[in-house]
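S.K.: Sequence:
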Amino acid sequence: MLCASSLKKALPVLALLASFSFGGESWRLAAGASAGRQTPIMATLGLGYKNAILYVEGMGAHKGDNDFWCGWRGDLAWTLFRDLPFKLDLGVSGGYEYARAPNKMHQALNKANGGTYVYPFNYKESLDISLEIRAHLYGFYSQIAYPLHHFIKHDEPAYTWRIGYMVDFL
82 MLCASSLKKA LPVLALLASF SFGGESWRLA AGASAGRQTP IMATLGLGYK
132 NAILYVEGMG AHKGDNDFWC GWRGDLAWTL FRDLPFKLDL GVSGGYEYAR
182 APNKMHQALN KANGGTYVYP FNYKESLDIS LEIRAHLYGF YSQIAYPLHH
232 FIKHDEPAYT WRIGYMVDFL
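Going by the numbering used here, the letters in the sequence shown line up with residues 82 to 251, in that order.
Calculated directly from the structure, the hints in this document are not laboratory data. Glycine included, C-beta positions come from ideal geometry on N, C-alpha and C. Among the hints, a few may not be true.
[As the list claims (entries may be wrong)] Quick list of in silico lysine-lysine cross-link-like pairs, DSS-like style, CA-CA up to 30 Å:
(1) Lys144 <-> Lys131
(2) Lys234 <-> Lys144
(3) Lys144 <-> Lys205
[Said to hold, decoys possible] Here are the computed distance ranges between Cβ atoms for each label pair:
(4) Leu126 <-> Ser223: 15 to 23 Å
(5) Ala216 <-> Asn194: 32 to 40 Å
(6) His187 <-> Tyr240: 37 to 45 Å
(7) Leu126 <-> Asn194: 21 to 29 Å
(8) Ile210 <-> Lys144: 28 to 36 Å
(9) Pro121 <-> Tyr200: 15 to 23 Å
(10) Gly155 <-> His235: 15 to 23 Å
(11) Lys185 <-> Ser107: 49 to 57 Å
(12) Asp249 <-> Asp146: 39 to 47 Å
(13) Trp108 <-> Gly141: 26 to 34 Å
(14) Tyr240 <-> Asn194: 50 to 58 Å
(15) Glu237 <-> Tyr130: 15 to 23 Å
(16) Leu251 <-> Gly141: 38 to 46 Å
(17) Ser107 <-> Asn147: 13 to 21 Å
Let's have the full structure, built from the sequences with the hints guiding it.
M.R.: Here it is, written out as structure tokens:
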């Protein structure tokens with residue numbers, strides 16, 4: 082009876098130690114794409130050594146003078162359970178995002194008054210440092226980042242999320 086209770090108590094500790102395993106290949110390379118908030122679409126590249134990995138994401142689109150968006154994000158993470166189909170990345174990220182979109186109501190107001198009284202566009206801008214977690218399952222992943230500090234903020238989100246697909250090459 083004593084052995085069974087000791088094993089029950091030791092099981093979470095053993096699972097945690099197994100998640101820090103350094104088995105398999107040393108270098109890792111991953112590439113993929115994701116959709117989410119705040120930048121709608123991002124390309125992702127990951128370069129890692131053993132359980133540490135650096136992700137770099139970014140993309141942008143330009144449709145006109147006041148109709149564009151761009152964003153980039155970098156994430157330094159530690160991978161748990163990396164040799165299994167399900168794995169977690171825990172890390173710290175930083176990123177910048179900016180977007181402008183036409184505001185037809187403001188444009189009509191300026192036209193009716195014969196001048197520029199309000200911006201003819203809406204915009205969002207954010208520069209932050211965040212805590213981030215990614216959950217991977219057979220290449221598909223979801224990512225949530227909680228901002229710790231905003232250096233630049235205008236209509237900034239309380240948290241950001243992404244979903245995507247990533248292929249591991251090494």
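S.K.: Is Lys234 within 30 Å of Lys144, Cα to Cα?
M.R.: This hinted pair holds, its Cα atoms lying about 24 Å apart.
S.K.: Given the hint of 15 to 23 Å, is the C-beta distance from Leu126 to Ser223 inside that range or not?
M.R.: 18 Å, holds
S.K.: Return holds or violated for the Cβ distance of Leu126 and Asn194 against the range 21 to 29 Å.
M.R.: Cβ of Leu126 to Cβ of Asn194: about 48 Å, so the range 21 to 29 Å is violated.
S.K.: Look at the Cβ atoms of Tyr240 and Asn194 and judge whether their distance stays inside 50 to 58 Å.
M.R.: Violated: the Cβ-Cβ distance is about 38 Å, outside 50 to 58 Å.
S.K.: Do the Cβ positions of Lys185 and Ser107 conform to the proposed distance bound of 49 to 57 Å?
M.R.: Given range 49 to 57 Å: holds, Cβ gap about 55 Å.
S.K.: Could you tell me whether the CB distance from Pro121 to Tyr200 stays inside 15 to 23 Å?
M.R.: 21 Å, holds
S.K.: CB of His187 to CB of Tyr240, is that within 37 to 45 Å?
M.R.: The hinted range 37 to 45 Å is violated for His187 and Tyr240, with Cβ atoms some 28 Å apart.
S.K.: Can you let me know if the beta-carbon spacing of Ile210 and Lys144 is within 28 to 36 Å?
M.R.: With Cβ atoms ~30 Å apart, the hint holds.
S.K.: Is the hinted pair Lys144 and Lys205 satisfied, with a Cα-Cα distance of at most 30 Å?
M.R.: Roughly 16 Å between the alpha carbons, so the hint for Lys144 and Lys205 holds.
S.K.: Taking the Cβ atom of Asp249 and the Cβ atom of Asp146, is their distance within the range 39 to 47 Å?
M.R.: 40 Å, holds
S.K.: Falls inside 15 to 23 Å, the C-beta gap from Glu237 to Tyr130?
M.R.: The hint (15 to 23 Å, Cβ to Cβ) is violated, given that Glu237 and Tyr130 are roughly 33 Å apart.
S.K.: Is the hinted range of 32 to 40 Å satisfied by the C-beta distance from Ala216 to Asn194?
M.R.: 51 Å, violated
Hints 1, 5, 6, 7, 14, 15, 16 and 17 from the earlier list are contradicted by this structure; the remaining hints agree with it.
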